[in-house]
Each structure stands twice: as C-alpha cells, then as structure tokens.
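23 is the number that the working numbering gives to position 23 of the sequence shown; each next residue is one higher, with no gaps.
Honestly, the hints are just simulated from the structure, not real lab data. Remember, it's a predicted structure, so these values are computed and weren't measured experimentally. Where a beta carbon is used, it is the ideal one built from N, C-alpha and C, also for glycine. Do not take every clue at face value.
Straight-line C-alpha distance at most 27 angstroms; calculated DSS-like pairs for lysine-lysine [claimed, not checked]:
id	residue 1	residue 2
1	K40	K125
2	K39	K95
3	K95	K116
4	K40	K56
5	K56	K45
6	K33	K116
7	K95	K45
8	K45	K33
9	K116	K56
10	K39	K56
11	K125	K95
12	K39	K116
13	K33	K125
Computed beta-carbon distance windows for the label pairs [as the list claims (entries may be wrong)]:
id	residue 1	residue 2	range
14	K40	K125	15 to 25 angstroms
15	E63	K125	18 to 28 angstroms
16	Q129	E48	42 to 52 angstroms
17	E117	E73	12 to 22 angstroms
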Amino acid sequence: MAVSNPYQSYQQNSVNTASPGELTLMLYNGCLKFIHQAKKAIADKNIEAKNTNIQKAQNIIQELMVTLNMDLEISQNMMSLYDYMNRRLIEANIKNDTVILDDVEGLVTEFRNTWKEVIQLNRQKQFTQGGTV
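Modelling step: build the complete structure from the supplied sequences, incorporating the hints.
Written out as structure tokens, the structure reads:
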C-alpha cells in the first residue's frame with residue numbers, strides 16, 4: 001500500500017526505524033502533545049476533545065508501564081510514578097482541571113528530558129568506543 005502523503009510516509013518510517021530508546025522518547029513527546037491539546041480543549045469548553053486527548057495521554061502512560069522491566073528497582077519506582085500520573089489524568093478528565101494536567105505535564109517533561117539525556121550519553125559513549133550510532 002503506497003502512502004500518498006510524504007509527511008505521513010516520513011512519520012511511519014521514523015517509527016519503523018527508531019531504536020527502543022527513540023520510541024520511548026516519541027511516547028513521552030506524544031503524551032505531552034495530547035496533554036497540551038486537552039488543556040486547549042478545556043479552555044475551549046470542548047469536552048469531547050478533552051476526553052479524547054486525556055485518554056490518549058493515559059494510553060501512552062499505560063504503554064510505558066507495560067514496557068518496564070520490573071526486575072530492576074528503578075522500574076518499580078517508575079511504575080509508582082506512572083500509576084500516579086495515570087490516576088491524576090483520570091482526575092483531570094473528571095474535574096476538567098488544567099492544574100492537574102500541568103502537574104502531570106511537569107512529570108512527563110522531566111521523564112522526557114532525562115530520557116533524551118540518556119540517549120545522547122549513550123550515543124556519545126558508542127561514538128567514543130568506535131561503535132555505530
């Protein structure tokens with residue numbers, strides 16, 4: 001099946017060729033995008049769009065939860081934080097509360113920035129060791 005939209009083709013290719021680390025970064029960025037859209041929908045009093053975007057953000061958080069390696073202690077800590085974010089998203093959806101969305105957005109941003117830094121450090125390490133990037 002040919003994709004007629006070049007941007008759509010590029011996006012599909014980005015996902016298909018991304019490393020697991022890059023995919024996680026894409027999930028964080030997507031979650032932030034949906035939180036922003038939910039906040040805008042609340043401001044516009046568009047309840048349907050708010051609900052849809054918060055649910056998309058929740059789906060991403062749930063996907064991040066599923067991918068954790070629970071053999072690692074840090075994963076158990078992250079699971080608690082992801083669970084907290086998921087519960088707060090539910091609460092924000094029920095209450096139409098942008099303050100709660102700001103709280104979750106702050107946490108997701110911290111995770112995303114830390115993850116981005118880890119990817120960059122790994123690339124530098126591979127480069128200095130003569131590996132492929």
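Here is how each hint holds up against the structure:
Only pairs whose Cα atoms come within 27 angstroms are accepted, and K40 paired with K125 is rejected, the gap being roughly 40 angstroms. Our distance criterion of 27 angstroms between C-alpha atoms is met by K39 and K95, whose separation comes to about 12 angstroms. For the proposed pair K95 and K116, the alpha carbon gap of about 32 angstroms is over 27 angstroms, so the pair is violated. A hinted pair counts as satisfied when its Cα atoms are at most 27 angstroms apart, and K40 with K56 qualifies at roughly 15 angstroms.
A distance of roughly 18 angstroms separates the Cα atoms of K56 and K45; the hinted pair therefore holds under the 27 angstroms criterion. Between K33 and K116 the alpha-carbon distance is near 16 angstroms, which keeps this suggested pair within the 27 angstroms criterion. A C-alpha spacing of about 12 angstroms is found between K95 and K45, which places the hinted pair at or below 27 angstroms, so the restraint holds. For the given pair, K45 sits about 18 angstroms from K33 by alpha-carbon distance, which is consistent with the 27 angstroms threshold.
For the given pair, K116 sits about 22 angstroms from K56 by alpha-carbon distance, which is consistent with the 27 angstroms threshold. The straight-line distance between the Cα atoms of K39 and K56 is roughly 13 angstroms, inside the 27 angstroms bound, and the hint therefore holds. About 46 angstroms separates the Cα atoms of K125 and K95, which puts this hinted pair outside 27 angstroms; it is violated. Pair hint K39 plus K116 holds up; C-alpha atoms about 24 angstroms apart against a cutoff of 27 angstroms.
For the proposed pair K33 and K125, the alpha carbon gap of about 30 angstroms is over 27 angstroms, so the pair is violated. In this structure the supplied range 15 to 25 angstroms is violated for K40 paired with K125, their Cβ-Cβ distance being about 39 angstroms. In this structure, E63 and K125 meet the distance hint of 18 to 28 angstroms, their C-beta atoms being roughly 27 angstroms apart. The hinted range of 42 to 52 angstroms is satisfied by Q129 and E48, whose Cβ atoms lie roughly 51 angstroms apart.
With their beta carbons about 20 angstroms apart, E117 and E73 fall inside the hinted range of 12 to 22 angstroms.
The earlier numbered hints that this structure contradicts are 1, 3, 11, 13 and 14.
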